Structures are given as structure tokens and as C-alpha cells.
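J.: Residue numbers (our numbering), protein chains in the order written: chain A, 1 to 254; chain B, 255 to 544; chain C, 545 to 837.
Heads up, simulated DSBU-like pairs for lysine-lysine below, C-alpha to C-alpha not over 35 Å straight-line:
| # | chain 1 | residue 1 | chain 2 | residue 2 |
| --- | --- | --- | --- | --- |
| 1 | A | Lys214 | A | Lys234 |
| 2 | B | Lys517 | C | Lys653 |
| 3 | B | Lys441 | B | Lys415 |
| 4 | B | Lys441 | C | Lys823 |
| 5 | A | Lys214 | A | Lys129 |
| 6 | A | Lys115 | A | Lys129 |
Keep in mind that the hints were calculated from the coordinates and are not lab data. Values in this document were obtained by computation on a predicted structure and should not be read as measured data.
So the chains spell out like this:
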Amino acid sequence: MLRIQNVTKAFGALMAVHGVSLEIGDTGVTGLVGPNGSGKSTLFHLITGFYRLDQGDIFFGPHSIGRLPPHEISRLGLIRSFQHTRPLPFMTVIDNLIAAAPGQTGELIWPLFLKPARVRREENNLHEKARGILRLLDLLPLADELAGRLSYGQQKLMELGRILMAGPRMILLDEPTAGINPTLIRRLVEVLHRLCEQGIQIFLIEHNMPLVAKLCQHVFVMDSGELIFSGTPKQAREEPRVIEAYLGRENHAA
Amino acid sequence: MSYYLQLLLNGVIAGSVYALFAVGLTLVYGVFRFINFAHAELISWGAYLTLMFSSPPVSWPLCLAVIPAVLLTAFIGFSQDWFIYRPLRRGSPITLLIASIGLSYMLRNVLRLIWGSDLMTFSLPLARGFEFSGYYVTGIQLLMLAAALLFLMILYLLLTKSLMGKSLRATADNLELAAIMGVSMPKVSAVVWTLASVFAAAGGILLALDTNLEPMMGVANLIKAFAAVLLGGAGNVWGALLGGLFIGIAENLGVAFFSPGYKDFVSFAVIFLLLLFRPRGIFGLLTGVR
Amino acid sequence: MDYLLHVMILALIYSVFAMSLNLELGYAGLYNFGHVAFFGIGAYVSALLSHAGVPVSAAMICALAAAGITGALLAVPALRVSGDYFGIATLVFAEMFRLVCLNERWLTKGPMGLPGIPRPAWIAPGVEGMPAYLLFAFLAAVGTFVFIRRLTGSPFGRALKVIREDEHMAQAFGKNILLFKVKAIVAGSVLAGWAGTLWAHYISYISPADFTLTETILVLLCVVLGGRGTNWGPVVGAIAVVFFGEAVRFLPIPPALTRYVAPLQGIIYGGILVVIMMKMPNGMIPEHRRKNT
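Same shape as in the complex, but just chain A (with noise of 0.2 Å):
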């Protein structure tokens, strides 16, 4: 679904990311990982558009979306979340999520003012769409609520329904995790199977090993911007080259 070639990106003389391939298919859930620095991020701007890529080409199905801007990516149904989270703190929890719904009539002014019938059913059907998708995240309690008084990981969680707002075929997630507490991960873990089992795909950057072991079926690792090991948790576990990208830093740091 998600076909990566040979993407390279510097940001002057660091190569953030170098000679980059890998592909994803419908494995269900795939994790990235890899000590700090290590290019993760900077990959996920590629994929979506944030970044321009330098070198190689990037395909979402039969699309090629290395020269796409973000919001075209985006409408292909491969959407993102950002490392840290970014609410909309003045408006409400509910408006939120409406908000990051793709095509609406309404966005557009003509038909605003010609076709205010259409424009209210719309809005009625996005307006129960969220309230379907709050309820699955548990927060439909807070759906007027103003995002901004949110814990940090009930803000997480409304940026996955966010993102489910707008119709995903395939989710990046960048640390999914980071800082909320283990109530809120196993909420999180509970939906993210729920999505898989609607068929989306979900490619995250995650620290937490043992949740990565649990959740994923397959890991690519990177180190330095470049990929060094493919495969299953497991077997990036043992695979020595991993084992020296992670503890090498650690004794470093020791």
C-alpha cells in the first residue's frame, strides 16, 4: 500500500535521511523505530508532504505522492499526527473532529450561500459521526468540552478521532504513546486493534518496546537515516545490528 523508494533528504551537510526503501503492506499495524535522531520523523514529513524529498519517489497505492503538497496526500486517505499534540484549544472537543472531516460542501462559498439545505444535512451527518467516533475513544462525555482543558492524553486521543474524522486509509503516528498514562495506552491499543480490523493501516514511531513487540506484526528500524533491519519484533530483537544501534548508545550514554 505504502511503497517507499530510495528517499534521501539533508538538511545541509546532516543526512537525515539517506537511500530510504522499504514497503507496506496490508500487515495490519508496522512500527518505526530507532534511537533518537535516528531519521523516523523526518521520514514521516516525507512521506507526507512536509518535507520535499531530495532524491527517490514515494507511492500510496497506485499513486506517486513524492511531489504531492500535504493537503493532497492527505485527500488519498494517508493521514498523520504530529509528535507532539496540536489542539485546536478554543474550540470545542466535538468541533475539533468536524473540523478535520475532507470535502465538505461547506468549505467552499458558493454553495454555502446556493445550497444551505445541503450544507446543514452535511453537517448534521459529520456532527453524528463524531459523537459514533468520541464514543468508541470514551469521550463523548466531553464532546462541548474546549479542547484546550484536556489531559494531555485525552488530547491524544481526540487527535485519533481526529484522524478517523477524515476518512484514513492508512494512519502515521508519530508516538502515539509518549506521555499519557496506561490507562489511556490500553484504550489507545484496544482502538488502534479496532482499526485494524477495519481494514486501515497503521505505520507508527513508538519508543515503547514492549508495546511495539505486542502490537506489531512487522518493524523496520533505522539508525543514523538509514534503514538497517526489516522484520518481525521478534526478530529484530535478536538481530545483532539493532541490538548495537540501541545498546551502543547506551553504553555511550552510561
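Starting from the known structure of chain A, fit chains B and C onto it as the hints suggest.
T.: Chains B and C only, in chain A's frame:
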């Protein structure tokens, strides 16, 4: 041919004054990261205060009147920062820009309140021109060139040879890092506002001697200074200097081709084209995604 | 009495102008400091066409179109930069517009300006027409208000706010931010042009001196004083600014001191702008009633 050379000469003289305005503007931008619209008023206040001290009842000779005028302008510069910009520094650059636009309007109207809106001139003995092998320069223009050179020389020594200058450049490079490395912000800020005010006042006085005084003189020249700042790269002192010269020359050569009414169009067009074609290249505004 | 009518008409026209700026500045977060150019384009196009014999209503429509098209032409390049640089680019654009009006005498008569701009056929010229013009301006302002409320209360307005708050987030959810911003600027420019035609046909004489930085500051003051990003804010701000400005004329000022009135007004306007930025950045009608932060 000599006509164009004469225009070029006029351009260099005007440009050296624009450079004085631009240097202060770019320094403030480099250190505080906002466009100080009220820089314009430092230019006009410098000129008007000099007029005040050199005309009755004070009637000091010009070279003496300049001193309190420049000091008072520097005081205005300090007060701007102390009372308005410093408390707002945590806000967005837009808040600061709007505040500085409001402040500029306020100061300009204080000027009108005191001196009125009509054109005024320094009543100097009729300026005698000099002729150098066919090129014509007035004494005041020579003074402009000399003073601009002197000021820029002082700036060069200050920035490259003194410890303060090094702190200043470090701060313009990276505000947070400079603070960590023990650069004293109050000191840097004092130096920046002194330099900006003194240079603006000096430029304003020179310009007023050459032409005349009117309340809008600051704003009109601020736009030229801004074009110079953009040309040189925002925050870059030497760039602003060259940018000022470029604007002065381009404007004066432009007179040969366009109607004089469009003289100011040159700096407008420069700003517009730069923003159009090199928005990122010049400012290094490429903001990362986090 | 006539004077009160005059002030009310001015306040309504300024409300339209302020509402149009608020669409860009308040809702889309685009700090357009050259908005007066679109007011001017509306005024000039309308005035020139009606001088050429075009019926006033048709001239007005053409003026709106001209302002909108110019808005789009400005938006596309100017949006390559953001924040304070966008502000400067638009400010410079307005000054360029003014220079063109000053210098292209064959078209605009330069600093002489254009006198004798006719009113719509159904409104009498001079003082007799004032009540009718008040009605016209009132309907125009109400129409603008309803239009903007529909626009900003809709999914379109919601998307604008998302873009204002977080561009990357908006892009990640498929919003074409450039397109939204261009639309906001075009709509804002058309409405500013609308305010400009209303003004030109009322005041009957325009010149480049009417479209200076001062007008930009005044309309900016209306918006930030009233409250950015709210529907009533700019209306309240415009009424406050216009009534304050005109009330000063009724103060018992000896004739010898009248030359001090305009500068004093300017000092107060500028001062208010500074104070709002420092003490009350959300204006009289804040967009969010912030409980924390």
C-alpha cells in the same frame, strides 16, 4: 554620460543616508525579531529637535544643536523599548508590529501638534555648490557623505573590535544561545537602541539639511530603509548598508527613465519583488515542522 | 440633525470597511495592512465608470469585481510570506496604489482628485438625499453583516480558524491553505471595495489623499478595538471610532486652537492602538472568554 554619472553621485549620497536608517532597523530586527515601524519617527524627531535647538529662543549653532537633539532621540528610542516593546516581547511579532504602528502614528502627531504639518527648512546661508570637473555637489551633500562614512566606520569598529559588538552579533545570531552564554540582554538592548536612535537621528538631520522637514519624512524613508534591509537580508548589518546604497542609486538613476513622481516606486518594487521571488532565501524563514 | 445623519452614514460605511478587514485579519489571521487600497479601488473604479456615463449601480458592481480581482492578484504572490512580512508586503502595495493614483493624471486627475461623483438615481443629491443614503448604507451594512456571519459561522469559517491556529495541522487534514487564504482575501477585498463605492458616491469627491496609511491605521484600530475574529467587534469598533472622531468637533474649542484638534485626535488613536496591544489584545468583544492561560 555625465548626466548619468551625476545621477549616480546623487544616488550614492542619498544611499549613504538610507544606509544609516537601514542599519538601525536591521539591528533591531536582528536582536528582537520584529519590524519596528516607529523607527520612522526617530528619523523625523532627530531632524525636528535639531531645528528646535537651532532656532529661537535657543538659537544654538547647528553643530551644537545636534547634540541635545540626538540625545533626546535616543531617549525616545529607549522609552519605546522600555515602556512598550519590552512588556510585549513575549507576544507575537504581529502584536509588536501593530503596537509600533500605533506608536509611530502617535509620535508623528505629537510632532504635528508642536510644529504643525507644513514644510519647514533650516534657514542656512544659501548653500554654495562645489564643482568637480563638471559634477555638481553641495556642501551639505559632502557633509552627508562624510558623516555617513564616519558613522559607519564607528559601527564597524564597534561591531568587530569591541566585546559588546561580539555579544551583539551573537545575539542577532541566536537570542537564546546568547542568553545561555551569558550575554547581558539589558546591555545588548541598550546598545541596540542607542545605535538605532543615533543613526536614525543623524540620517534624519542630514536629510533635513539637504531638503526640508515634514511630519511624513520618517515614514517615507522608513520604507526605503526597509527595502534596504530586505535586500541585505534581515538582521544583516553590512547587507543593509549595501542595500541602502543600492536603493539610493536605483532611485536616482530611475529618474532618468521614469517620471520623478515614481521615485518612491523603486523601493516599493524592490520590496515587492524580493518578497515575491526570494521570500525564503533572504530571510531564512524556512520554519520546520514539529 | 443633518450632521447626525452624516455621522451615522460614515459609521455604517466604516463598519463595512472594518468588517471586511476583520474577515482577513480576525478570522484568517492575515494581517493585511494595505486594505485601504481595495477601499480605494472600489471608490476610484466606481467614480470613473459613473463619470463615463455608466449607471451607478452597474459602476458599483464593476468596482466590486475590480477589487476582488486585484485582491486575488495580490494574494497569490503576497501569501508566499506570512505574518509581519505579509503585513509589510500589503502595506507597500497600498502605497504603490496611491502613487499610481497620484501620477496617472490622464485617468485619476492626480492630486486634484475626482469631484462630482453622482449618487444612485433614486437618491437625491445634496442634503435632501441624506435620509435615503442613510437607508442605503444601513441596508448595505446589514447585508454585509449577514453575509460575513454566514461565511464565518460555516464550515468555511471553521476551516479558516483552523488554518489561523495551526497551518500544519490544517494541511495534514487536507485543507488547501493557500486556496482558503486567497478566498478570504478576495472576499475581504470585494467587501472593502463595497465600502469604497458606498463612500465615493456619498462623499462625491475622492483624491489619493483619502487612501493613505492613516486610513489603514484607522480601520485597523476599529477592528482591534472592537475585537478581532468576532462579528460584532468591528461594527462596535467602527461606531466608536467614528463617533469619537466626530464628537471632537463639538468641543468648545477656540478658533485659534483648532489646528491642534487633528494632531490630538491622531495622538489618541495611536495611543489607543498601543494600549489595546498591551492591555486588551482581544478588544472590547473578545473572541474567546479565556478561563486559563
